[in-house]
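Asker: Turn these sequences into a full structure, and let the hints guide you.
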Amino acid sequence: MNARGFQGPPLGGIVTPSMLVAFLVFGTLPFWISQVGLYPYLGIEVLIWCIFALGFNVLLGYTGLPSFGHGAFFGIGAYAMGLAQFELMPDLWLGLGCATLAGAAFGAVVALFLSHRRGIYFALMTIAFSQMFFFVASKWTSVTNGEDGLLNIERLPADFGFAAVPLRGNTAFYYLCFAGFVLVVIGLWRLIHSPFGKVLQAIKQNEMRTSFLGYNVYLFKWASFTLSCAIAGFAGGLFAMAQSGAFVQIMSLQWSGIVVLMTLIGGGFVSFWGPVIGTVFFFVLRDLLGAYTEAWLLWYGLVFMLIVMFKPEGIAGMWQDAVRRLRGRKPVRGTGPLAALWR
Amino acid sequence: MDLLLNLLPHVMNGLSLGLLFALVALGFMLIIGVMEVINLAHGSLFALGAYVAIAFMSPEGGLQFAFLDGYFALPVAWRLAVALLLAPLAVGIVGMGLELCLRRTYGKDPLYGLLLTFGAALVLEETIRLIWGPTERFLPIPKEISGGVLIGDLIYAKYRFFASAFAIGMILLLWLFLQKTPYGALIKAGAHDSEMVRALGVNLSRLRLMVFAFGTSLAAVAGIVMAPIWGVRPHVGVDAVVPAFVIIVLGGVGSFWGAVFAGLMVGMVVGLTGAFATDWSLISMYMLLIAVVTFRARGLFGKKSVLEA
Amino acid sequence: MSAVLFEARRLHKRFGDHVVLEEINLAFPEGRLSGIIGPNGAGKTTCFNVLTGRYRPDRGQVLLDGEDITGLPPRRIARKGVSRSFQLMNVFDQFSALDNALLALPALRDRGFDMVHDVRRDGEAQDRAAAVLARVGLGGKEATIAKSLSYGDRRALEIGIALAAEPRILFLDEPTSGLGTEATARLGDLVRELRRHLTIVVIEHDMEFLFGVADAISVIHWGQVIAQGTPEALRENEWVRASNLGRLAS
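These protein sequence lines are chains H, U and D, in that order. Note that the numbering used here numbers the first sequence so that position 289 is 495, with each residue one more than the last. Note that the numbering used here numbers the second sequence so that position 230 is 401, with each residue one more than the last. Note that the numbering used here numbers the third sequence so that position 107 is 137, with each residue one more than the last.
Don't read these hints as lab results, they were simulated from the structure. One or more of the hints may lead you astray.
30 Å max Cα-Cα, derived DSSO-like pairs, lysine-lysine [as the list claims (entries may be wrong)]:
#1 K171/D / K279/U
#2 K517/H / K279/U
#3 K171/D / K517/H
#4 K329/U / K314/U
#5 K517/H / K110/D
#6 K279/U / K359/U
#7 K279/U / K110/D
If you want the ones that stay clear, here's a sample from chain H, every Cβ over 10 Å from chain U, calculated [stated by the list, open to error]:
#8 Y245
#9 V349
#10 N376
Just so it is clear, the structure is predicted and the values come from calculations on it, not from any experiment. The beta carbon of each residue, even a glycine, is placed where N, CA and C say it ideally should be.
Answerer: Listed below in structure tokens is the structure:
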């Protein structure tokens, strides 16, 4: 406790109570998932998209930059994983490294063009680049195998030197994804509460003032974008192994749009966990509602519109309001130091 | 010399495309003036126009009612005329619905408005997919304007001439409407300075609704006329909103003939790219957008425009 | 006679056909409080914006301690120790008052790319930010979200942010804007206190306020400096007496 009365998170400043809950829930998932009528592979999908969405929210929720083409970097990561396996060496760590690096590299280049902008210019540029990448991926058949996709990507064993853990089974692979999830959560939590994270949030609220305070706004936006693309690439690498292939459809605008919807509905604008909540909500909806109607994505889109219109703080925002009401405070956005606890 | 001559059909294509792009852009531009955010769903309404038109053309388009048998037996040209009249009206109504949804985001961070129109675009696309299916559809056109025509030694698509003529007609009508009629003057004023219009006592909400209906109907008309050229797929919306945006940035928000001229330029780029590599023609549009925004998009008119937000 | 810390030479700025600033020469001595006054539309705010780097002058120079900073981007000028507050409030609405000040600290500015350390546990930075807030009268309100502060408190925060940057020269853009008599008086006290440690330049509308705190005032009208001098000297100035601003004539 410092002079200002703000407590840092307990447990050595690394893990918070909410993290522990999340880790517990996800860590034990393979053991209870069938009990609730679902299946282990769903857990893999959810975690991969959680990672993607958490990285994406650094850009959208914290920096306020709308990228509608992020699926391109997810797909680039997937292809990089496959290509690393086939062209370089079938090694898990190398593959994941390449996926992350590929995402970061392409993201870094695209970010050079984008970082001067916000809003609609930014959004349309991301669409343009995404479409271009989609186009290249579909046409460059010698490398990407075109519309058929890069097939037979294997779930390589996790080689720790002293032992190699095979990851072909869904449960084993799930724990690889879980490890990735833990790393990303811890890393991004620190990032959000670091000076860098604060500057990003400042940029979201008021770019001009931030630059008048001496910060190089262009560079920060560039970094935020590149980072979110690196994480997208990482998630893509996992995805390629999960699906045993890299397919161009994942780079479509539709999937890019879905991660936006997930992040916002979950409450990415007000909560660190928003993207996770949103991802879970999406997949639950897909599997539960999708069983009854083909139009589930339409409903999801309508929910999104309603949320933007009436409760842009999303599900996490509703939760925060409910908690505040229980504690006898008015459900106003973000009053008081308690707000920090739920972030 | 031969090469240049061989390019002429592609130039023709480019011109017809450009005129239709200009039509979409003009509708887009009117809406920008009264809105606070760019309407990303504009392209989906363009697509919706084509789909609704298909519904008016044949029973497979969705209107499978026995009492319409007589209507569907009419000659193609008549049905096309009906489609060109009624489909934009239907889309205009949807456009008004969208404006009503957007009201909740006025005054807030423009990011929310942008996200809402993005969501609307997705919802519209999904709706189209559900009603009409994901595969490509075709808009039947009268024999008189389809097929090729031989001019000199080159074959030109007849439809392109029709499309260009129609687009020119629509643009001129639009210009006359804006310049000469009181409604048009109101829309122009509203598009230019909504604050002032409100100060003059005009009902701003009604004006916004009207402008939206109007602008989206224009997109629908363009969508219908474009259908035989581009094909009708749920995803065609995105490909329509991008050139509209490029045109606005190039031609300037608020410049009617600037938009038309920029439209022609963009159309030419796409058409001529198509001459050399058909696959690349749409991608050329995206590359053009990137180039234009990178080099040209500074605060339009020197003041903070709605695009800057 | 103290050294001139900040200087503007022959500034010229036009927007389209409209010439907003013409042959502006200004000199702000170190450790003094200089005022700029003039009617609306006279070019004061544009002048400020040129001095602080928001606009680039068409002609002329801006010098900080002899160094030419003309045309440098605002962030570079800020890093050289030039800080400004805004007339139209520009605080970070969703941050607490403390975070607003924290962000402005040079200590934090230099660590912008630190992605690892939790700012909430940086006791020293937190204390410094709190000290700044206390100085502008926001002690005890550190945790309040900026959006929820009263208008007067937001004005104070606006200045607090500029102050937290530990500048060599502080530009205040119409700081009394919208404040009532009591708050204005408090602001006057604050400014007089700050004046002891800092070079300050104030644009103001409120002549009474400015005459009470400034060592020297420049009058800008029609984009030109039409008078300069101490408050006492200017009281005698014909133009000042004749203008609508001359409430002090008696």
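Asker: Now tell me if each hint is right for this structure.
Answerer: Each hint, compared with the structure:
Taking the CA atoms of K171/D and K279/U, the gap is about 26 Å. The hint holds against a cut of 30 Å. Between the alpha carbons of K517/H and K279/U the distance comes to roughly 12 Å, so the proposed pair stays at or under 30 Å and holds. The straight-line distance between the Cα atoms of K171/D and K517/H is roughly 28 Å, inside the 30 Å bound, and the hint therefore holds. A hinted pair counts as satisfied when its Cα atoms are at most 30 Å apart, and K329/U with K314/U qualifies at roughly 10 Å.
Restraint check for K517/H and K110/D: not satisfied, since their Cα atoms lie roughly 43 Å apart, outside the 30 Å limit. Note on K279/U and K359/U: the hinted pairing holds, with a Cα-Cα distance of about 25 Å set against a maximum of 30 Å. Taking the CA atoms of K279/U and K110/D, the gap is near 35 Å; set against the 30 Å cutoff, the hint is violated. Listed as outside the interface, Y245/H is consistent with that label: its C-beta sits roughly 26 Å from the nearest C-beta of chain U, beyond the 10 Å cut-off.
Distance check on V349/H: its Cβ is at least 16 Å (rounded) from any Cβ of chain U, clearing the 10 Å threshold; non-interface status holds. Every beta carbon of chain U lies more than 10 Å from that of N376/H, the smallest distance being close to 30 Å; the non-interface claim holds.
Hint compliance for this structure: hints 5, 7 are not met, and every other hint is.
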